[in-house]
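S.K.: Spelled out from the first residue to the last, the chains are:
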Amino acid sequence: MPSSVLRTTATTGLPPPSRISWAWVGVVPFFVFALMFLILPTSFLAIGAFQDAAGRLTLQNVLDLFQPTILASYAISLKVSGASAIGGALLGFFLAYAAIAGGLPQWVRPTLLTFSGVASNFAGVPLAFAFLATLGRTGLVTAFLIQAFGFNLYRAGFNLLSFWGLALTYMYFQIPLMVLIMAPAIDGLRREWREAAQNLGASAWEYWRYVALPVLWPSLLGTTLLLFANAFGAIATAYALTGSSLNIVTILLYAQIRGDVLHNQNLGYALALGMILITGLSNTAYIGLRGRAERWLR
Amino acid sequence: MKRKMPGGWLVLLLGALYFLVPLLGTFEFSLRYRREGYSVEAYRIVLADPRFQATFGYSTILALCTIVVGVLLVVPTAYWIQLKLPKLRPLVEFVTLLPLVIPAIVLVFGYLRMYNSSSWIPLTGSERTTDLLLTCSYVALALPYMYRAVDTGLRAIDVRTLTEAAQSLGASWATILARVILPNVRVAVLSGAFLTFAIVIGEFTMASLLDRPAFGPYLQLIGANRAYEPSALAIITFAITWACMGLIQLSGRRAGGPPPVGAR
Numbered sequence: 001m002p003s004s005v006l007r008t009t010a011t012t013g014l015p016p017p018s019r020i021s022w023a024w025v026g027v028v029p030f031f032v033f034a035l036m037f038l039i040l041p042t043s044f045l046a047i048g049a050f051q052d053a054a055g056r057l058t059l060q061n062v063l064d065l066f067q068p069t070i071l072a073s074y075a076i077s078l079k080v081s082g083a084s085a086i087g088g089a090l091l092g093f094f095l096a097y098a099a100i101a102g103g104l105p106q107w108v109r110p111t112l113l114t115f116s117g118v119a120s121n122f123a124g125v126p127l128a129f130a131f132l133a134t135l136g137r138t139g140l141v142t143a144f145l146i147q148a149f150g151f152n153l154y155r156a157g158f159n160l161l162s163f164w165g166l167a168l169t170y171m172y173f174q175i176p177l178m179v180l181i182m183a184p185a186i187d188g189l190r191r192e193w194r195e196a197a198q199n200l201g202a203s204a205w206e207y208w209r210y211v212a213l214p215v216l217w218p219s220l221l222g223t224t225l226l227l228f229a230n231a232f233g234a235i236a237t238a239y240a241l242t243g244s245s246l247n248i249v250t251i252l253l254y255a256q257i258r259g260d261v262l263h264n265q266n267l268g269y270a271l272a273l274g275m276i277l278i279t280g281l282s283n284t285a286y287i288g289l290r291g292r293a294e295r296w297l298r
Numbered sequence: 299m300k301r302k303m304p305g306g307w308l309v310l311l312l313g314a315l316y317f318l319v320p321l322l323g324t325f326e327f328s329l330r331y332r333r334e335g336y337s338v339e340a341y342r343i344v345l346a347d348p349r350f351q352a353t354f355g356y357s358t359i360l361a362l363c364t365i366v367v368g369v370l371l372v373v374p375t376a377y378w379i380q381l382k383l384p385k386l387r388p389l390v391e392f393v394t395l396l397p398l399v400i401p402a403i404v405l406v407f408g409y410l411r412m413y414n415s416s417s418w419i420p421l422t423g424s425e426r427t428t429d430l431l432l433t434c435s436y437v438a439l440a441l442p443y444m445y446r447a448v449d450t451g452l453r454a455i456d457v458r459t460l461t462e463a464a465q466s467l468g469a470s471w472a473t474i475l476a477r478v479i480l481p482n483v484r485v486a487v488l489s490g491a492f493l494t495f496a497i498v499i500g501e502f503t504m505a506s507l508l509d510r511p512a513f514g515p516y517l518q519l520i521g522a523n524r525a526y527e528p529s530a531l532a533i534i535t536f537a538i539t540w541a542c543m544g545l546i547q548l549s550g551r552r553a554g555g556p557p558p559v560g561a562r
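Residue numbers (the working numbering), protein chains in the order written: chain A, 1 to 298; chain B, 299 to 562.
Chain A with its partners taken away, still in its complex shape (with noise of 0.2 angstroms):
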């Protein structure tokens, strides 16, 4: 690579120190805003958690979380992030697999990486209304199985101010963020390997189970780990949705910035860590895993 030598080179033929030990001066402002605007408000919420009203040492908050309502809303907002992220994952990449190596037109491929640039932005409180229009109790879906075969969803037990309607409509984000992540991890499957494997007398079950999903598994799986964490910090959309009926994390903590509806400050702190400690871990192991998964990406 051209770059990484021009770079050795650029190493070994810096001019003398003198002007080197100047040069961290460049990215001050940037690290003075990563501080302010990352770093610093973070750590005061990180910290906040484990201090009392007076500012003493304590653990009660984080104890404190170990409450019913507390759980409960951590629990459907678990609930809720997962099915999104494993549905999407799911239909994302047998979308992604079906436009790129599934012997359709040569059109479907960059028809569906656009359409899942603009449909992946199209998230938040717009995504609310467009499927209230759709799956709400007078959507256009809702009233068409009822005039077209007389079927009543919402009778049938369907409700899109619940966990499902939720998990239905972040899907429509998190579909096409795993089509655009996942195709160039399926373009990263040569040809030659499941010809190789079919010469060797492969069926298409051996080749997947021995050739693409070993290679495959850390983008499938890291990338549904990027859709849980997207799901689980995301608020717009389910407050515009189900105002304060489905008791989401995000939506608690929203009425807790609101109005310390849970009457401790510093609980309110600890609920956030709570938060960052849960999209952390994915996100740390999606890094992770992205890392394993370029090994076979040129």
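Check before you lean on any hint, since a few could be wrong.
A partial selection of chain B residues facing chain A, derived with a Cβ cut-off under 7 angstroms [unchecked claim]:
id: 1; residue: GLU326
id: 2; residue: THR375
id: 3; residue: LEU383
id: 4; residue: ILE403
id: 5; residue: ALA532
So the derived label-pair ranges between C-beta atoms look like this [as the list claims (entries may be wrong)]:
id: 6; chain 1: B; residue 1: ASP456; chain 2: A; residue 2: TRP205; range: 43 to 51 angstroms
id: 7; chain 1: A; residue 1: PHE66; chain 2: B; residue 2: LEU480; range: 50 to 58 angstroms
id: 8; chain 1: B; residue 1: GLU334; chain 2: A; residue 2: GLY280; range: 53 to 61 angstroms
id: 9; chain 1: B; residue 1: ALA522; chain 2: A; residue 2: PHE66; range: 47 to 55 angstroms
id: 10; chain 1: A; residue 1: ARG56; chain 2: B; residue 2: LEU315; range: 52 to 60 angstroms
id: 11; chain 1: A; residue 1: TRP205; chain 2: B; residue 2: THR358; range: 22 to 30 angstroms
No wet-lab data here; the hints were simulated from the structure. Here the structure is a predicted model, which means the values were calculated and not measured. Note that CB positions come from ideal geometry on N, CA and C, so glycine has one too.
Got chain A; can you put chain B on it based on the hints?
M.R.: Chain B alone, transformed into the frame defined by chain A:
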């Protein structure tokens, strides 16, 4: 690999249904304002609403400020890292990924506690300084996308030779950045800028908690109180997102960068 995947068309059809039906449903709903038949009344009402114009204008200006601040922050940093401090690259990349790790609502919670009116830096004290804080929080939100786009752009050009050529002609650092480096990563900067615009224009959480009259909180307000206007707004927002992504594609297919993801 001439083998056709058996369910290829079926998967594509199901995907198309899932993605197109909500758009169709929203569009159909937005036309139902009058009982007697389809009309564009909902769009007319929305576009004529002074609050729509005010909040949309506010968010547009904020998005432009975010882009300017983001470019001023990211381009010199990425350039300097590439030229002088390659060892810091992993650290800087890690920092730029932080906004994906820390949910936006947690970040803004931290800002509200750190920059409240009785703190050392009382940014939430007045409207103008809150606008500044909101701009900075959007710069933080867009940082992963802006940095990746610019970094990919910089890797594609020969930064060192360009710099040395400019230096030997007597250019200052500011001149090098503004007149040599920036024009060469124009495509990358543009794609980062359109993505930033798409993220900022409808952002709800931060604007709402910082209590600024942005487009996102307006959307939420209309959604809670009106029947047909929200659908019209959803269609308008979808068109804006589509335009931003289209402009990214137009401004350069080779710009690279991570997959575009908005703020939820």
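S.K.: Each hint should be assessed against the structure and marked as holding or not.
M.R.: Hints, verified against the model:
Contact between GLU326(B) and chain A, as hinted, is supported at the beta carbon level, the nearest pair being about 5 angstroms apart and thus within 7 angstroms. This hint holds: THR375(B) has a C-beta 4 angstroms from the nearest C-beta of chain A, less than the 7 angstroms allowed. Checking LEU383(B) against chain A: minimum C-beta separation of about 6 angstroms stays under 7 angstroms; hint holds. Taking 7 angstroms as the C-beta contact cut-off toward chain A, the hint placing ILE403(B) at the interface holds, the least distance being around 5 angstroms.
Interface restraint check: ALA532(B) against chain A, minimum CB-CB distance 4 angstroms, threshold 7 angstroms, status holds. Here the CB-CB span from ASP456(B) to TRP205(A) is close to 49 angstroms, well matched to the stated 43 to 51 angstroms. Separation of PHE66(A) from LEU480(B) is about 53 angstroms and conforms to the stated range, judged on CB atoms against 50 to 58 angstroms. The hint said 53 to 61 angstroms for the Cβ distance between GLU334(B) and GLY280(A), and at roughly 55 angstroms that hint holds.
Restraint check, ALA522(B) to PHE66(A): a C-beta distance of roughly 33 angstroms breaks the suggested window 47 to 55 angstroms. A beta carbon spacing of about 58 angstroms between ARG56(A) and LEU315(B) agrees with the range 52 to 60 angstroms that was offered as a hint. Between TRP205(A) and THR358(B) the CB atoms are about 54 angstroms apart, so this pair departs from the stated range of 22 to 30 angstroms.
Violation of the numbered hints given earlier is confined to hints 9, 11; the remaining hints are satisfied by the structure.
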